[in-house]
Amino acid sequence: MTAVDNKQPSPAAAILHNPRRLEGKVAIVTGGSRGIGEAIVRAFVHHGAVVVVADIDDAGGHALAAALGPHVCTYVHCDVAEEADVDRAVTTTLDHHGRLDVLCNNAGVLGRQTRAAKSIASLDAAEFARVLRVNALGAALGMKHAARAMVPRRAGSIVSVASVAGVLGGLGPHAYTASKHALVGLTKNAACELGEHGIRVNCISPFGVATPMLVNALRQGGGLGDADQAAASEEEEEVEKMEEMVRSLATLKGPTLRAGDIAEAAVFLASDESRYVSGHNLVVDGGVTTSRNVIGL
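Each residue of the sequence shown is one higher than the one before, starting from 243 at the first, in my numbering.
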């Protein structure tokens, strides 16, 4: 008598059968109007998801949704530091699509980058609170309201964009570093609770990606003036300067870290490929936080 093979198809087999790795899923991406968030939105749509962009950049969000098409992407105004906005973003998604499969907590701020602002002796309490309110509380509120949508279905994936500043000291200002350490810890705690309901919670910690936000911070820290007034040629020069700095610090030589690399990591964690991955911090940094080659290997 031949035994019946009741094994489920492997995630790898499913990918070969259907390269659209998020087919049929509904996702919210906060801070999705530009930079890493925009790359994640585009990657999610490319892989078959319907995406709701939640951001405070109304012009950018509406433009992105129009470019991708209203059948696959819509925009909702959402300040993640305001619980009513987060609640409305999730409720709107449920009203329009009937479900929420993926939440990507991407919205975040760097805070001021001037030398004075970086000094603990000059700590601005209001600035510190503002950064934590967006980066840590904003993600917590996203998890809270995503959970209420996902728990009844006993499925879902929550992916937050943290930072290497949440892994190693000296890679960001105090407020930013504190907020990203908080986000990594929150990810582990939420995964511990929500795993009981079949919900996975993970985060991604990128090294420096030359997004407008990071390039603006470089200008601010270097006294290069208002980024909004910079010429296009200067912007390209600053992007290359940022990318060269990242390349020089990474252990892994060759590739240049781009927003698309973070988007691919988000696709993996959002998809069923990572169905047994939870509470994990996926560090995308070319090895910069893992080692220091002090003996000349």
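Among the clues, some could well be false.
Below, computed lysine-lysine pairings styled on DSS-like, alpha-carbon distance capped at 27 angstroms [unchecked claim]: (1) K386 - K495; (2) K430 - K386; (3) K495 - K483.
Taking CB as the label site, the calculated pair distances span [unchecked claim]: (4) G311 - G538: 51 to 61 angstroms; (5) V536 - H304: 49 to 59 angstroms; (6) A326 - V536: 49 to 59 angstroms; (7) N431 - L494: 22 to 32 angstroms; (8) G529 - H288: 38 to 48 angstroms; (9) H304 - A371: 39 to 49 angstroms; (10) R330 - N431: 34 to 44 angstroms; (11) T532 - N431: 19 to 29 angstroms; (12) K483 - K430: 29 to 39 angstroms; (13) H288 - R534: 49 to 59 angstroms; (14) H304 - E265: 18 to 28 angstroms.
For the record, the hints were derived by calculation from the structure and aren't laboratory data. For each residue, glycine too, the CB sits at the ideal point set by N, CA and C.
Verification of the supplied hints:
1. K386 - K495: Given pair K386, K495 is violated - Cα atoms ~39 angstroms apart, limit 27 angstroms.
2. K430 - K386: Holds, at about 14 angstroms.
3. K495 - K483: holds (16 angstroms)
4. G311 - G538: 51 to 61 angstroms: holds (53 angstroms)
5. V536 - H304: 49 to 59 angstroms: holds (50 angstroms)
6. A326 - V536: 49 to 59 angstroms: Holds - the Cβ-Cβ distance for A326 and V536, about 51 angstroms, lies within 49 to 59 angstroms.
7. N431 - L494: 22 to 32 angstroms: holds (31 angstroms)
8. G529 - H288: 38 to 48 angstroms: At roughly 28 angstroms between Cβ atoms, H288 and G529 fall outside 38 to 48 angstroms, so the hint is violated.
9. H304 - A371: 39 to 49 angstroms: violated (30 angstroms)
10. R330 - N431: 34 to 44 angstroms: Distance hint for R330, N431 is violated at roughly 25 angstroms.
11. T532 - N431: 19 to 29 angstroms: holds (24 angstroms)
12. K483 - K430: 29 to 39 angstroms: holds (35 angstroms)
13. H288 - R534: 49 to 59 angstroms: violated (37 angstroms)
14. H304 - E265: 18 to 28 angstroms: 26 angstroms Cβ-Cβ, so the 18 to 28 angstroms window holds.
Hints 1, 8, 9, 10 and 13 from the earlier list are contradicted by this structure; the remaining hints agree with it.
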